[in-house]
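Got chain A sorted already, so can you dock chain B with the ligand onto it with the hints?
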Amino acid sequence: MPIPVKPDRSVTTTCAYCGVGCGFKAETVEGRVVRMIPWKEGKANHGHSCIKGRFAFDYYQHPDRITTPMIRKNVDDPWQEVDWDTAFAYAAGEFKRIQAEHGTTSVGAVSSSRCTNEEIFLMQKFARVALRNNNIDNCSRICHSPTQFGLSATLGAGAASQHFDSILQSDVVLVVGANPTEGHPVFGSMMKRAVRRGARLLVIDPRRTETVDSPHCRAEVHLALRPGTNVLVLNSVAHVIVRERLYNEAFVRARCDGDDFELWMDLVGDDRYSPDVVGPEAGLDPDDIRRLARIYAGGPNSTIYYGLGVTEHSQGSTGVMCLGNLTMATGMVGREGVGVNPLRGQGNVQGGSCLGSWPHMLTGYRFVTDDVVRGSFEDEWKITLDSEPGLRLPNMFDAAVTGSFKAIYIQGEDPIQSDPNRHHVEAALRSMECVVVQDLYLSETAKLAHVFFPGSSSLEKDGTFTNAERRVSMVRKVIEPLGGLADWQITVGFMNAMGYECHYDHPSEVLDEIARTSPAYSGMSFDKIEALGSVQWPCNTDAPEGTEVLHTVTFPRGKGSFMLTGYLPTSERATDQYPLLLTTGRILSQYNVGTQTRRTANVAWHDDDVLEISADDAAGRGLSSGDRATITSRYGSTELTVSISERVNPGVVYTTFHFAHTMVNNLTSDLDDWATNCPEYKVTAVDVVRASIAQPVAGS
Amino acid sequence: MSFIETERLVTMANQIADFFAPYPSARRIEGVRNHLRNYWDPRMRQALYDHIDATGGPELRPHVLEAVAVLREAAPATEAKKAYAGPPRD
Ligand code: SF4
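Protein sequence lines correspond, in order, to chains A and B.
Letter by letter, the first sequence follows residues 1 to 700 in the working numbering.
Letter by letter, the second sequence follows residues 1 to 90 in the working numbering.
Do not take every clue at face value.
To be verified - Here are some, though not all, of the chain B residues that point toward chain A, as calculated from beta-carbon distances under 7 Å:
| hint | residue |
| --- | --- |
| 1 | 19 |
| 2 | 23 |
| 3 | 26 |
| 4 | 41 |
Bear in mind the hints are in silico, worked out from the structure with no lab data behind them.
For every residue, glycine included, the Cβ atom is placed at its ideal position computed from N, Cα and C.
Pulled out of the complex, with its shape left as it was, chain A reads as follows (with noise of 0.2 Å):
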């Protein structure tokens, strides 16, 4: 397409696709986006970019997009094309039915991360008051759920402490189970800026990743740990801390509990926990451990950056709680260059923290079951709630499976490609009597629903985002929504004719009503965000413009906890028939399961998911870069292409899960966080062998 040369217009909004929430000028012609520029004045990204947000925009007109409502009694008849009345009216109608026939907590609902937070915010809402249970979960059960748990159990906030450009006062870098210059490109760069400054660069993960060693980013130290010991991994380096006596003991004193102080340092300082011990466990070099340690706690400005790789595990939430104890114990919290932040992944996976779209919680990270937080619901929507906790999006599933769970409505989500256990969703959903989809495209969830509401991209509504850094942003609307209604006006259709009467005119009100009723977003509103540009929560009248870095004076949960995090090995193994761990992860140019970047020319930099092997794992199986390999798990197994690469040790198998002909969640097993059902994607033992002496792939 030819660049032209004058838009006639130009309107400032966020990148949906991770959580950097860069900010850009989207300019049109004649109604189409052709350009995407950074917004120098974005505080995110100050005007840089990647080439998911600058380029891949062509996907909210891809010839696959569906504008039409569509409705189906089962899902092998045709779809039929209905108008959004009829469309509201039948799902009101069967979720109705079914809560008649099997109770009202037998239908549900999960929202997006790609929605805007009054979108989530709504969606939590229409459980609640239509629905009249607390069904409701986020996409962030699968991805960071531990860290809202860990982080909460520690210091109180399941955010971020720090903002972006608090890295760059940073005297150390530790980054675990994250790879930010493929995954979070922008903040990736503003890693290397800092690390070309002289900060020190630590990392722990299993992957030699563009991290650990790229033009302008080398490790100092990489732990290469193998998947699955985070835990035992970051206990060794509190051993370290704590026989060592590196810790801040005037920061503990000041600011944590400690009784839970003396605990935690019995628990780590145990022998079982000393580098000697744990170094051949976890595949790594002792003396290592001790150094990342040392470095870690001597600062004297360190900072925490982690990702998927700590929480999507069956510990998930002990590891984030590792992170949190290693912060308090050094004092590095509570100050610029300081912290622990996770890289959240999709664009608005912190708002769908933050706005309770949780089966437990209500917005702000308030327990339904508590009588004073419920009340002020009741009192603002004015009816009475469930004082009960709800289902998690797995046991929807569960119960789904077992004939106690019915209907749900699933709002720009595509479980069957993103959850754990491919055959378990499709069984559950295939068990319902109704489901609601609600996206841009026919998605492989939608092939088994029975109502399709067709979404509205991030260019086509008003609202906000909020990213990684705790930062609300404007969502701009640029052009109509090409289905007639933005997710926001659907979602209210839907709680209409479901009998809870509500009206917004618009998404600034959804706002406000949030403002309302959490205290961390009550000094916020359109306006305010419209004149500082963005603005990071708590935003009340104690900080009315906002908070750049939390936990300086004391912790939301006043002392700060150490948390016991006691080592417990994934019942994942590698055994003889399975000797190899597969771990997953993202590639630059594509954005989690590809929906939205596999329709856009960005394919061109990646086109397939491929399987990262060691040289002598493959020279074993007669395997050469290129080859086919059929890829074998407990639970499943699915074809890929072999490319050698020293990214991975021996031992572990490495692919990204882009493309949904690959089917990579047909091999993850259906092992997940003990807190918080989070799966284990990042540890599944497999067995690879050529695909022409293979077995037919079973389960495709």
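Positioned in the frame of chain A, the structure of chain B with the ligand alone reads:
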């Protein structure tokens, strides 16, 4: 049929118990109890109770059984305890 397959519930309950295992006894039980109370749908809790009533729950960690006993003593409707984020503190 159980609300959710019994094996799955038992695994989940034992995983929670394993996390709290390093805590002193009272906090260990309180931790499991709080987690089940604040994070589990009541039908999941009931299915676990039914399993324990029917079999004694031989595959459950002892402090799951103790936590369930504490939880069943207080009827949720009359429970005044303020909810919090799961870890054993109060
Ligand atoms: S994908 Fe992330 S880093 Fe890239 S432009 Fe969008 S927000 Fe920025």
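Index of numbered hints that the structure contradicts, given in increasing order: 3
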